[in-house]
Every structure is written in structure tokens, then in C-alpha cells.
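Novice: What follows is the residue order along each chain.
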Amino acid sequence: MKRAADQAARAARLCAIFAGALVVLASSRAAGAQSPPQIDVQTDEPVAAVGDRVHVQATASSPEAMPGNPQLGPTPGFVVRGQTASPSQVVTFNNGSLTHGYTLTVDWVLEAQRVGTFQIGPPSFALGATRYSGRSVSLRVAPPGSAPRRRAPARPQSPFSFSPFDPWRNLFPDLSPPEPPPQAPVTIDPKLSLDAPRASDVFVHATVDKTSAVVGEEVLYNVYQYTETSLVGQTQSGDDHVPQVADFVKQSLLPDGPDRPTVGFASIGGKTWQVVALQRWALFPLRAGDLEITPLTENIAFALQRGMVARSSETLHVRVSDPPLSGRPPGYAQGQVGHFVLKAEVNPRSLQQGGAIEVRVELSGTGNLPTRLSPPAMEGVEWMAPEVHDSLGPNGQGHYGGQRTFDFLVHVNRAGSVDLGELTLPYFDPDPKRYEVARAALGVVRVAPSDAPKADAPASAERLPGLPPPRDALVNRPRTQKHLADSPVFWLGAVAGWPMALGVAVGGDAVLRRIARAWRRRRTSPAAELRDRIALARTAYDGSDARQVDAAIVRVLEAAAVANAGINVRGALGDEVVRRLEGAGVAHDAAASVAALLRECEQARFAPEAADLAAARDRWGRAERTIRMLERRG
Amino acid sequence: MRLPVNFVRVRRSTVRVAATIAAVGTALGVQARASALPPVAADSESSTLFASGAKALHEGRAGDAVDLFEALADRGVVDAAASYDRGMAYAMRVRIGAEQGGDLGRAAQGFEEARELSRDSHLIDDASRALTTVRSEVARRRLRAGQPADVESGRTIARALAGVVPEDGWAIVCVVASMAFSVGLFLRWVGRTTRLRVAGGVSAGVAAPALTLAVAMTLASRHDRLELREAVVVSPSARPTDERGIALPGATSLPEGALVEVIDERGDSTRVRFGASDEWIASSAVRALAK
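First to last, the sequence lines map onto chains F and E. Mapped onto numbering that gives the first Met the number 0, the consecutive letters of the first sequence carry residue numbers 0 to 633. Mapped onto numbering that gives the first Met the number 0, the consecutive letters of the second sequence carry residue numbers 0 to 290.
Excised from the complex, chain F in its bound form:
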């Protein structure tokens, strides 16, 4: 009986458990079909200025399925600039039961377009065949620059420390970007301000503290990243392209490591910008000229946007000149610019000949400290190469400098009191713009003579034996001296003059000979003879001697026959004259006229009675016409 009662009680408990399980199962099924997702809507700023960007974030969580198809809804006064969806799924096994959690977080980036108060949303999600909406948010848009300073966007957090959808949240370290600390009120540094921002969100800006310098003078080069304060903590810098400064010696003034110090805040274009130092270098120009510093390029990733943007700084130029020649002290080496101090310590002050002392020289100051010093070289004192220790870096004023120590070992091979002289370091101080000389007196060391044979003594004698003596006076020869070959007068006059003169002589002689020959030929030609005789005949015509006129006419006719017909009629008479002339192609009339005139002239010349001048002049007239007839033939 009791056993039966126990069995009945056990069966009743099993039935109750089974029934309970059925009730739970049935109730969960019913709930799954009808429960809406939990939708949470947040915004980072309730107030924004025109042009600002605002984030609206909606999170939909469901234990049954992943919410989908998110829609923001109406966005009056704003334009949607971006949307990012982040789905997540959590599976929890607790006390033998398996629980699923599905969450979809959507972030919309809105840009304010006009002033006013606007209701955004409500955002909605689809779950199964049903769409569920959250609450709308109210955003106020103020005029540009008048919105209150924006705080960093808050990460959506569960109101409880434990979330049933993400129970592991507090178990593992958070690998997402750290949340920016709450910002304290910032102080604007006017020195960091610019006329206008170089970009609307993040940009890089480079500066130098001077645009002209001398070779070796420190030029402070800074590169800053300006981040609009609402984006602080939401950007991540990628690889930088470091500026090229091949014409400079570069010394970094920032501590090693990835940390980039914030140097302050700037107000530019009505916005507040956080300024971070990316690079800070002390640059020392190596040569004169217009030296270029290439831009720094930084790749920047935004937390809520895909991809990266590249931001570059400006290309800068520095005009570099040589320090002035005037007043430059001996021993000055190019690049020794800054402000230096020398200290020297000699130890010991007494030694044996051939022994060594230590000279410790401390060079300190600002600027690019020289890497070597020229010790006062003198006979019998041999300076070994020093051991150098540096302690250099940025000083309190942000300049490069520090201390460099040179430990010399000096062999003294002379006995007696040896004055080591003084160490000098000439440098150009860029502040007063004048040369200075840093000095450190080394003092005197007492060297006891050594009895030991001088092992090192021959070394100096072996080096460069037989050098001639130095000179004690400048030559003062002119630097630029004219040379004969530089003068065209030398080449044309002294060298080419003689052959040219010979050429003039020979050529002139040849020309003169040719002229004389031509002249002579011209003077002895039949035509010239004819012109001469005509002239004489005219002279006779004007006289009073008729016989002379006739004789002249005869000579003219004879010359005309030679000149125009090539025939000599001298000694010929009558028909013989006509025959010769006709044989030469002269017309009969002309030939007959010549013959007649010759005959008449001969008769008149040798007639016993007195000569008739008028008749002779008449014959000259006829003779002229006859000559023209002969010329026409010619």
C-alpha cells in the first residue's frame, strides 16, 4: 500500500514537472511569436550647430532572431551622411539551458542643415514579418558657432552591469578603442590659431620658427595635427610619410615612443581644435641656398567611417646663407653655429718625458655641437684621438643642445715646462649675429726629462723629412693678369699682321700692275689714237694754218680707217684706198669719200699757191661726216 502510494506520488511529481515544462515551453513559444525587440535610441548631442554632424544610434535586441532592415525615419533639418550597422549574437549556456541573444546596433551620421528643433525618427527594425519602431529623438540646431561645446559621443551602455545578451562583457578586456576621458574646459592658445582650417575635421600643419638662417643655425620644425574636438578619440593615425630634410642635420626634440603630446587647443573657423605634436625637430642647414622641407603625410582613420583619409602638411622653405665673412675668426668651420662653452681639465700636471696626460674637455651649449675639436698642435705634444661622450637633446627652452665630452690622451715628448696653449672653438652666435670664440686654457705641465732612450723621437724625424722653409711675405701678384692671347689685337696685329702686310704688299703690287697694264693698253688702242688725232685736228681747225689742218685731217682719216675698218691706208692713193676699204667691208660712198679727202688734202698741202683756210675747214667738216660713216660701219 505504502509502495503504491509512493509510486503514485512519484508519478504525480513527474507529471507536474512534465506539465510545468510544457507550460514553460508553451509560454515561451507564445512569447516568441509576439514579443517585440527591445529598441534603444540615443544621440550624442541634443544641440548642434549648422554644419555639425550628429550621431543617432539605435540598438535593437531580440532573443529569437536578428533584427534587420533598420530605417531611421524622417530626418527634417538634417541630411544622412552615413550609416553603420553592427550585428552581434550571444549564446549563453546557463544551468543546462541555452539562451540566444541577437543585437543590431545602427549608427546614423546626420549633418545639420538649418536652424530649428527637429524630431528625428523614430528608427525602426524588422523582426520576422513585423516592423517595430523605437522612440524618436529631438534635436535642436543652432546657428554656426553658437552651439555649446560638444562632448565626446557616449558609448551606449546597459543600465545594468550585467547584460543577458553579453554576459562576457566584463570578463574579457575591452579591445575596442578606449573611450575618451571626459573633457575639462580647454584654454585656447592663440599661438596655435590659424586663419582658416586646412580641413573640416582633421588636418596637419607644419611650421618653422624662422624662414632664413645661416648654415648650421638651428631651425625648429614642428608638425601638428589639428583635430576638431568632437572627433577627438574617434580618429586613428596610420603610417606617416616623414618629411625629407636631406639638406639638414635632423635632431628630434620629442621623446621616443608612440605618444604624441597635446600642445593645446586652438580656435579656428568657429570651432575648437585639439592640437597634437606629431614631429618636433631641430634642423641644422648643411649648405646655403633655398632649402626645402617636404610635407608630412598622415593617414587618418575615423571610427565610424570606412577607409582612411590622407592629410599632408605644407612644403616649407628656408633661405640659408653663409655666415658673414667679416670678423670670421681663424679656425671657424662651417656649421659651428650656436652658443658654446668650453671647459678643460688637465691631469696630471707633472709627468715624465714621453709620458701621457689626460685632457678632459667639456663642450656645452645650444646648437649642433661640433663632433670634433682641433687641439693646439705643437711640436713635442702629441694628441691622440679623443674618446667622445654625448649628452644631447632638447633643453628647457625647447632647443637642441647639451654637453659633449672629449677625453684626450696627450703624449708630451718635450722636457721642461710645456705650455699646452688653449683650446679654442670659434662659432657664430645667431642671436647677436656675431662671431665668438669659446676658449679653455690648458695651462702648463711640468715634464721631467727622461733618461730612457727616446723610442718615439725618431718618429717625428721620419715624417716628411727635407721640407723647405716657409715664406714670410705675401707675393701680392695680381690675381687676374692679362695675357697676350686674350687680346684680339694681339692675334690680328702681332701674329696675323705680318702675313697680312705681306699680303697687302703682294696683292697691292699685283693690282697696280694690272691697272698699269690696262692703262697702257687703253692708251695705245686705235680708238684712243683716233680720239687723240681728232683732238689735234680740232686744235688745228681753230688755228690759222690751212696746211696744218689738212695734215691733221689726213692723220685723222688714216686713224679712223684703222680704228673702224682695221685697214691701214697710209701710203695708198686713189683707187687703192677705195679698194682696201671696200675689201674691209666699208661702203663704197664712205670709201670714196675717204679717198677723195685724202687726195684733196695732199694736193692742198703740197700746192705751190697759198693755202685756202676756208677750204681746209670745209674739208674738216666733210672728214667728220666721213668718220661717222665709217663708225656706222663699225
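Since the hints were made in silico from the structure, they are not lab data. Each hint should be verified, as a subset may be incorrect.
[What the hints assert, rightly or not] DMTMM-like mimics (lysine to aspartate or glutamate), calculated; alpha carbons at most 20 Å apart, straight line:
no.	chain 1	residue 1	chain 2	residue 2
1	E	K290	F	D485
2	E	K290	E	E229
3	F	K481	E	E226
Given chain F, work out where chain E should sit, using these hints.
Specialist: Positioned in the frame of chain F, the structure of chain E alone reads:
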């Protein structure tokens, strides 16, 4: 018929005119030499620097002497004695055991420059002697290091011939040869006797090649004076590089103190000719000779 011009007289006049042209031309040409710039005295500051340097040299303060003579060079003072003493200062620094890298080369550069600048045979002789001493030391060191001991490359025959006589000497030879050539031809032309004509022909025949040679040597000397840029290697390790300044593997460094011809300069590299080799080296490894 009697001619209106006395051609014999005209011919004589022509010869006289030609002779006058030649004489005036020669006088003007030589005048170019006579009008050389007068000597310019160094300013008092430079003279003081030189005197201080010479004093330091006498007192064995080689480092100070180097600084003082370099300061003189920085002021643009180009003087054979200053270059010579600068070379002496570097040589003394080597001699007293305070040598710094490149001292031998800088000493050689000073002596080479003094030889180039000086017209004083004593100074030239002393500079040559000192140069030989310095280069012997360089050769000895290179030999010890297993490197070729040639420090001097030697000059080409034409350049050596041109250097036998100074440029103005060649120029005077040009004038004399030109005159002899012209007079010889003149005698050959107007000589009445066979003896005179032969003498003129021989004179012209000898003078013509002499004139050609003298003109060539004068032009070569002038070209060298104006165009040739020489420098001395002042680095103990002047390693040949390519045009970008990257050291050539296995190349032998140029000897310190060697006289090289500068052919080209690009950035920090200088192309030099040393003997038959034609190399790029760092510009800081050579120092040019002042002219």
C-alpha cells in the same frame, strides 16, 4: 707714251704701308701684355693674418697656423706664398704627430696651388720639393696598405709641351715666327739676288711650322688657363662612386694628394680624371686649385 703714275714709287709705298701695318699691329699686340693690371697689395687684415700664420709656423704651432692660413683662404686671398705656407702648416701638423685625416692631401694642395700661382722660380722649386716629400709619404703609406703607390698620373704629351713655355712665351714665339715667315716670303718675292731669295725661302719654310706649333701651344695654354679645372685629393679614402654617390665595390681609392682634372660636378659628387681613369668621387674629397 708717258704714264701719269710712277708705279715704282707706288710699289715702294705699298711695301711701306704693309710694313707699317705689321709694326703697328705688333706694337698694339704687345701693348696688350704691357697693360696688365698692376699688382694689388693684400689688405692689412690679410697681411696680419699671414704674418700671424707665418709666426705660428716658425714657432711650431701647426694647428694655429692651419687656422690662420685657412682664414686667409676664406677671405679669398689668392697668393702663392699664402698657399705655400698653408701647405707647410698642414705638413708640419703631420710632422709633429698631430695629423688629422686629409692633412697630407691639403698640404699637397697648398704646394700645387703655389706652383700654379707663382712666377718665382725659387718658390716653384721649393713647392715642388715639398710636394715630392708629401707625395712620397703618401706613396709609402699606400704601399704599406697594399695599394698602388702611384700618386702622380703624369700629363699628356701635348699638355706637357704646352707647359714647357709659359703662355705668353708661346705668344711671343708666335709673333717672332709670324714675322720670320712674312719677311722670308717678302725677301723671296723682292730679292734681286739668288742668295737673298734662297735665304728668304728657307726662313719662311722654317718659320711656317714654327708658327703653326706656337699658335697651337698658345691656344692650348690659354684653354688650360681658362677652362681646365684642377683639384687635389684631400681625403685619405677618396673612394670612387657612381653618379648617385654610391661607392663602387672593389674600386681602389684615389691617392691622397693626387692632382686630378675636374670634369663635372653634380650635387655632392665630382667627376675627376686621374691619368687614364675617370671617376666620380665625393666633392668633399677634393679641393680645387685657385688660379
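Novice: Are the hints correct? Go through all of them and say.
Specialist: Hint check results:
no., hint, result
1, K290(E) with D485(F), "16 Å, holds"
2, K290(E) with E229(E), "9 Å, holds"
3, K481(F) with E226(E), "16 Å, holds"
This entry satisfies every hint, going by the numbered hints stated previously.
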